[in-house]
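Student: Sequence:
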Amino acid sequence: MEILLTSFIIGISYGFILFLLGTGLSLTMGLMKIVNLAHGATYMVGAYVGLTAATFTQNFLIGVLAGGLSAGLLGMFMEIGFLRRLYKRNMDQALLTIGFVYVLINIVQWIWGPLPQTKYIPSALSNSIPIANMKIPAFRLVTIGVGIAAAVILWLFQEKTRIGAIIRAGMDNQEMTRGLGIRLPVIFTSVFAFGAFVAGSCSLFGTQSLGISLDIGWDVLLLSMMVVVIGGTGSIQGALVGGLLIGLTETFGKVFFPDLAYFTMYALLILVLLVRPSGLLGRPA
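In this note's numbering, the protein residues as written are 1 to 285.
It should be emphasised that the hints constitute simulated quantities derived from the structure, not laboratory data. Just so you know, not all the hints are guaranteed correct.
The calculated lysine to aspartate or glutamate pairs, modelled on EDC-like cross-linking and capped at a C-alpha distance of 16 Å, are [stated by the list, open to error]:
(1) Lys135 / Asp219
(2) Lys33 / Asp259
(3) Lys33 / Asp92
(4) Lys88 / Glu175
Computed spacing ranges between beta-carbons, pair by pair [to be verified]:
(5) Gly211 / Tyr266: 18 to 24 Å
(6) Asn90 / Phe56: 39 to 45 Å
(7) Tyr87 / Ala124: 25 to 31 Å
(8) Val103 / Ser128: 38 to 44 Å
(9) Gly211 / Asp92: 30 to 36 Å
(10) Lys88 / Met134: 49 to 55 Å
(11) Ser128 / Tyr87: 47 to 53 Å
The beta-carbon is built from N, C-alpha and C at its ideal position, and this holds for glycine as well.
Please model the entire structure based on the sequences and the hints provided.
Tutor: Below, the structure is given as structure tokens:
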């Protein structure tokens, strides 16, 4: 029972990290139809910048904000400077963003060096909290709380605000949205930068599960794509469901099937694709 509860809490906290990673990619793919293979690299940049800011100031929140802002500005630069010229050209988008991955990896290596960075957990969250004869890391519980708050805020933003309505309208019919006088390029840039900001701001929370290294960009990209495929593009709820399912599946797989743990989330991905190719909560293409 204790193993189940501990694995559940770890899986949920990991799932919320995956949810935040997949949210930005889901929105950009659903609204802009952009294949952004540099999404994981923006997370990597946010992680390095956030870690440096948090270590220098000894303030975890400043590190989270610095990571989010650096990733958001990078996303804005990529969209305005390059991707805006490549709408509806998926192959060109893929090649360009792969190029950005290698450029960003080399820049990060030049600044921070090739070795993995030490995880940063604030002293206030480094202790454990006793729950049902167990000790659960406080950092995991805080991650779950932040993930729940982010999920509620993002859902309210998408479903209850005017900007959210414009984003949903743009996903369904861009031509009609433009006919209403809405400046979609501004919305596109804002959504792309916002997705990168969310990925960068969760990077410090993800260090305990994903670490910080030059390879993390590729790992994060794969996980984000899996969240989008399972949950469906353009859906906050889909990203939440996809992230939690992957987090729980991988965590319980490592506990009960350690030899097959690497393949458990791929089995989940294949099952969802067989049953619902558009994702559990995605818009059918």
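Student: Against each hint, give a clear statement of whether it holds in the structure.
Tutor: Hint-by-hint comparison with the structure:
For the given pair, Lys135 sits about 29 Å from Asp219 by alpha-carbon distance, which is inconsistent with the 16 Å threshold. The straight-line distance between the Cα atoms of Lys33 and Asp259 is roughly 37 Å, outside the 16 Å bound, and the hint therefore fails. Restraint check for Lys33 and Asp92: satisfied, since their Cα atoms lie roughly 13 Å apart, inside the 16 Å limit. At most 16 Å may separate the alpha-carbon atoms for a hinted pair to count; Lys88 and Glu175 meet this at roughly 14 Å.
Against the hinted window of 18 to 24 Å, the Cβ-Cβ separation of Gly211 and Tyr266 comes to about 21 Å, which satisfies the hint. Distance hint for Asn90 and Phe56: a CB-CB separation of about 40 Å, consistent with the stated range 39 to 45 Å. Judged by the Cβ atoms, the range 25 to 31 Å given for Tyr87 and Ala124 is violated: they are separated by roughly 45 Å. At roughly 41 Å, the beta carbons of Val103 and Ser128 sit within the given window of 38 to 44 Å.
For the hinted restraint 30 to 36 Å between Gly211 and Asp92, the CB-CB distance of approximately 32 Å keeps it satisfied. A hinted range of 49 to 55 Å holds for the C-beta pair Lys88 and Met134, which are about 52 Å apart. Hint check: Ser128 to Tyr87, Cβ distance near 49 Å, so the stated range 47 to 53 Å holds.
Checked against the numbered hints above, the structure breaks hints 1, 2 and 7 and satisfies the rest.
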